[in-house]
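Student: Place chain B on chain A using the hints.
Chains as they are written, first to last, in full-length UniProt numbering: chain A, 1 to 438; chain B, 1 to 305.
Hints were generated in silico from the structure; no laboratory data involved. Because the structure is a prediction, the values reported are computed rather than measured. Each hint should be verified, as a subset may be incorrect.
Claimed, not checked - Covered stretches of chain B, as calculated for chain A (at least 3 residues, CB under 8 Å):
id : region
1  : 254 to 261
2  : 280 to 292
As the list claims (entries may be wrong) - With a cut-off of at most 20 Å between alpha-carbon atoms, the simulated DMTMM-like pairs for lysine to aspartate or glutamate come out as follows:
id : chain 1 : residue 1 : chain 2 : residue 2
3  : A       : Lys335    : A       : Glu64
4  : A       : Lys86     : B       : Asp61
5  : A       : Lys86     : B       : Glu63
6  : A       : Lys335    : A       : Glu73
7  : B       : Lys138    : A       : Glu198
8  : A       : Lys385    : A       : Glu163
9  : A       : Lys86     : A       : Asp112
10 : A       : Lys158    : A       : Glu270
11 : A       : Lys385    : A       : Asp217
12 : B       : Lys138    : A       : Asp263
13 : A       : Lys158    : A       : Asp292
14 : A       : Lys158    : A       : Glu185
15 : A       : Lys158    : A       : Glu73
16 : B       : Lys138    : A       : Glu254
17 : A       : Lys335    : A       : Asp67
The beta-carbon is built from N, C-alpha and C at its ideal position, and this holds for glycine as well.
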Amino acid sequence: MSRTFPTRRFAAATAAAALAATGALTGCAASGSGDGTTEITFLTSNDAPNPETAEALAAAFEEEHPDVSVDVEIRPGGTEGDNLVKTRLSTGEMADVFYYNSGSLLQALNPDSTLVDLSDQEWVSSLTEEFTPVVSTDNGLYGAPLGASFAGGVVYNKPLYEELGLEVPETWDEFMANNATIAAEGDGVAPVIQTYGETWTSQLFVLGDFANVLAVDPEWADQYTAHQRSYADEPALLGFQHQQEVAEAGYFNEDFPSAAFQDGARMVAEGEGAHYPMLSSVIQTILQNTPDAVDDIGFFALPAEDAANTQATIWQPNALYVPRSTEGAELEAAKELVAFANSEAGCEIQNELLPPAGPYAGTCEALDTAPALLADIQAYFDAGKAANALEFSSPVKGPNLEKVTVEVGSGIKTAEEAAEFYDQDVENQARQLGLEGW
Amino acid sequence: MTEVGSAKRRRTAGSGSTSATQRSIYPTWFYLPAGVLYLIFFAVPTFASFWFSLTRWTLFDTEFIGLDNFVQFFAEPQLSRGFLNTLIYGFVTSGAKVVLGLALAVLLTSQLVGRGYLRSVVFFPVLVSTIGVGITFKALLDPFDGVVNTMLATFGIEGPGWFTDPNQALLTIAAVDVWKGLGIATLIYIAGIVAIPQEYYEAARVDGAGAWRQFRSITLPLVQPATATVIILSLIGGLRSFDLIWATTGGGPGFTSDVIGSVIYKQYQAGFYGLSTAGNVILFLVVTAIMVPVSLLLNRKEVDR
Chain A
1 MSRTFPTRRF AAATAAAALA ATGALTGCAA SGSGDGTTEI TFLTSNDAPN
51 PETAEALAAA FEEEHPDVSV DVEIRPGGTE GDNLVKTRLS TGEMADVFYY
101 NSGSLLQALN PDSTLVDLSD QEWVSSLTEE FTPVVSTDNG LYGAPLGASF
151 AGGVVYNKPL YEELGLEVPE TWDEFMANNA TIAAEGDGVA PVIQTYGETW
201 TSQLFVLGDF ANVLAVDPEW ADQYTAHQRS YADEPALLGF QHQQEVAEAG
251 YFNEDFPSAA FQDGARMVAE GEGAHYPMLS SVIQTILQNT PDAVDDIGFF
301 ALPAEDAANT QATIWQPNAL YVPRSTEGAE LEAAKELVAF ANSEAGCEIQ
351 NELLPPAGPY AGTCEALDTA PALLADIQAY FDAGKAANAL EFSSPVKGPN
401 LEKVTVEVGS GIKTAEEAAE FYDQDVENQA RQLGLEGW
Chain B
1 MTEVGSAKRR RTAGSGSTSA TQRSIYPTWF YLPAGVLYLI FFAVPTFASF
51 WFSLTRWTLF DTEFIGLDNF VQFFAEPQLS RGFLNTLIYG FVTSGAKVVL
101 GLALAVLLTS QLVGRGYLRS VVFFPVLVST IGVGITFKAL LDPFDGVVNT
151 MLATFGIEGP GWFTDPNQAL LTIAAVDVWK GLGIATLIYI AGIVAIPQEY
201 YEAARVDGAG AWRQFRSITL PLVQPATATV IILSLIGGLR SFDLIWATTG
251 GGPGFTSDVI GSVIYKQYQA GFYGLSTAGN VILFLVVTAI MVPVSLLLNR
301 KEVDR
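The shape of chain A in the complex, shown without the other chains (with noise of 0.2 Å):
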């Protein structure tokens, strides 16, 4: 899910991206000063909690090392994220350690010749198989995990569904059927929430399918990269389909033109909407603004056509990385921060601040007190019903497919004219990319 589809971008703060740009120009170039302490630099994105997070990292890794100084700066999330990062790495002005996501957006990046490799380090043993190869290239390994995994699928509603007294469904017909039955009996609740006012919520009809995709034909990713299979065809064209059968039955709520993410995780929250296809982060969200309401949320796969088929498609954590430009004691130093958000002090404070939802992918896990929805997806990782996403396995991903999805959403287009459309969109991508075969 790269470029367009940022973790969690809430709004982009303006004040954020000022001083981030201020940050470039300032405040990177850290050194070491005459009092004999290293001074090194720590770069995160602005979407809540990310910030809270790096402080409280660096706060109590200046403790366990007091002579080292830690300096935080925030960058803008989403593509404008992107692009500062890749501005900041290509004029050797990065941050001695930054916060990036994992999967194709890493590889953009370029690691062989700008990351340094952290495959000698220690914590490396600990990571899962899952995510190793996600910061990996054939040269080297380049990111430790910062935060857990999550999944991309339907959050919803758990005393709603009690009280209808529905069941959580397997196949996409079970899902319908509890459309219907929330749109006669739920009073006014939306069966399903969607949040076209920010564009990247809509793509989950899509990209949270994909593990059913390749439930069906395990050779999909390889394939799509090659330009051997396309959205227009089955069995990817039907997230497509899904999201314009939910369009079309009405289901979903009023407002879906303008609402926006938080408005998105608030109505499912307090049961103004049932379903909200989404990433399971949105906990942390729903933990921020509607406290009493997280253990009220559970998750399930977006269901397959054959109930076999339904799996839990994994987004893997975004990562800490340390540029080529960091030498010398800052050099040493970053490694140690680095290390250290894996420690068990790191854990401790991942724990509080970035609650699990989904498995860790390194050293830390979860406590008791984490997340109700953590068991619900923590179930499909048990039963083998679990697969990474997209652009975890493919390079490829256009970057209009969020609005695409709006267009299927909206009754603009359907679903066929939109797949037709971004298959289009991807070429793009890939002649970009240099990929053969395109």
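Tutor: Same frame as chain A, but now just chain B:
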């Protein structure tokens, strides 16, 4: 505007000075500082952009790919819509600014109480940041809890989805653009009207011309230079408009309010740096291709009179 000004100057210079090798009044070193600045900040980036438009550019490295970017840009599926929208947007906003600007200027040059204050009120929106205007109107025109639709609802009218209805979005943005840019058009027209000698009106009145006749036969033809300026300024502004569209709809819903500017910006966002540079070169050529004939036409009329 530059090509307009220089075209005019060239014409007057051509007719005035016959000796092409007129000696400069300054020594060469006097031009050096300005020349260096021009080279570094204008000439080099311009030529660099032509070069980068011919490459696949990831910020980390560049690879020369000839005209592929241009081919790809024209194959962009959202482009035809973007072109059409750019033209609609440019001509609608430009036309509305001419008509409304002239009407307001006629009003504001009449004997009004508090004329100076009213004139500045028309100009205020011009001073506000475009992004600020966009965000404000997005809140005001929110289809569900915006002020405008809430107010309409009290009269029993169901307001449209201003920025969210695919058929409505582009025109709503154009209307906001007109509101924001009208001050400049009005100002230019006021200057034009004030410059018309009062004697013409007096003579017309003596001949028994009514208000409409005076407007048709005196004001309208004599503000022609002002009209040319307003059309050229607002058409260029409209054709390369981007900021207001981005702040209100982001080109959406879907692609329904995309213009060339927003298509290019999305390509830049996606990291297609060479491709978006090619798009900018194309935008430059399109604006030039439309503006050169328009400004020639408007200026010829001026000269003929």
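Student: Against the 20 Å threshold, does the CA-CA distance of Lys158/A and Glu73/A hold or violate the hint?
Tutor: Given pair Lys158/A, Glu73/A is violated - Cα atoms ~39 Å apart, limit 20 Å.
Student: Are Lys86/A and Asp61/B close enough, with their CA atoms no more than 20 Å apart?
Tutor: OK: Lys86/A and Asp61/B at ~11 Å, within 20 Å.
Student: Verify the proposed pairing of Lys158/A with Glu185/A, using a straight-line Cα cut of 20 Å.
Tutor: holds, 16 Å
Student: Could you grab the alpha-carbon distance between Lys86/A and Glu63/B and see if it respects the 20 Å cut-off?
Tutor: holds, 17 Å
Student: Below or equal to 20 Å on CA atoms is what counts here, so check Lys138/B against Glu254/A.
Tutor: holds, 18 Å
Student: Can the restraint linking Lys335/A and Glu73/A be considered satisfied, given a maximum Cα separation of 20 Å?
Tutor: holds, 18 Å
Student: Lys138/B and Asp263/A were given as a pair; does the straight-line alpha-carbon distance stay at or below 20 Å?
Tutor: holds, 16 Å
Student: Hint check: Lys86/A vs Asp112/A, CA-CA at most 20 Å. Holds or violated?
Tutor: With Cα atoms ~14 Å apart, Lys86/A and Asp112/A stay inside 20 Å; holds.
Student: Does Asp217/A lie within 20 Å of Lys385/A when you go C-alpha to C-alpha?
Tutor: Roughly 14 Å between the alpha carbons, so the hint for Lys385/A and Asp217/A holds.
Student: Within 20 Å, alpha carbon to alpha carbon, are Lys335/A and Glu64/A?
Tutor: holds, 14 Å
Student: Three residues or more, CB to CB closer than 8 Å: is that satisfied between the region 280 to 292 of chain B and chain A?
Tutor: Not satisfied, violated; 0 residues make the cut.
Student: Assess, step by step, whether the Cα of Lys158/A is no farther than 20 Å from the Cα of Asp292/A, and give holds or violated.
Tutor: holds, 13 Å
In this structure, the hints that do not hold are numbers 2, 8, 15, in rising order.
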